[in-house]
Amino acid sequence: SQQGEEDPQALSIQEGENATMNCSYKTSINNLQWYRQNSGRGLVHLILIRSNEREKHSGRLRVTLDTSKKSSSLLITASRAADTASYFCATEGRGTASKLTFGTGTRLQVTL
Amino acid sequence: DAGVIQSPRHEVTEMGQEVTLRCKPISGHDYLFWYRQTMMRGLELLIYFNNNVPIDDSGMPEDRFSAKMPNASFSTLKIQPSEPRDSAVYFCASRGGTSFYNEQFFGPGTRLTVL
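So the sequences go chain by chain: A and B. All letters in the first sequence, in the order written, are residues 30 to 141 by the working numbering. All letters in the second sequence, in the order written, are residues -1 to 113 by the working numbering.
One or more hints might be untrue.
[To be verified] Just the calculated beta-carbon pair ranges, DEER-fashion:
(1) B/Arg62 with A/Gln138: 36 to 42 Å
(2) A/Ser68 with B/Lys66: 28 to 34 Å
(3) B/Asp61 with A/Thr106: 47 to 53 Å
Hints in this document: simulated from the structure, not taken from any laboratory. For glycine and all other residues, C-beta sits at the position ideal for the given N, C-alpha and C.
For reference, chain A alone in the conformation it holds in the complex:
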């Protein structure tokens, strides 16, 4: 079974609003990564947060990690229509160097 479960499964917002996606996982991790997938395309890496980090920023992206709750969130601020995609969290478990386990994904729709 998949390590990560994401919530919500689908999210629809208007351009300019913020979008928040959550990810929960089950075992200890080295790091957690977020990827974006546009329809019919491969996954693109967005941001990585290490297990000893609590928050990280990259442009309009903000990621938080709570290892005590085994959860992470991805915030996209001031969303744009081009942000429409599926977003996946992926965890690299301890003792499983390089092997990623992906969550179920959140489908984000940003409308004009």
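Use these hints to put chain B onto chain A, whose structure you have.
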């Protein structure tokens, strides 16, 4: 760099036929991963290689699936014989560097349809 290259992009075949998917990782990357994505099961890791050696093939669904990496610039995933339930998008990804903290780069995928 052209990124991870996969071929073919689309494959339609009939049940029982052999299917071979190909991947060229990013030059210099020493890890290569094969994933399968379906609506029902999401994105699953099938197998991965480090320096051309298979490290973990626990995700390979059954003996009908096999993967090889004869050199650092080429890998194949073969399904023989194929079945309708193998229909999915198959992704290849590569990763470089010795740090734990490295991203994977994905190819565009091969959409496989088995009739």
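Quiz item: What hints, given by number in increasing order, does this structure fail?
Solution: No hint contradicted; all consistent.
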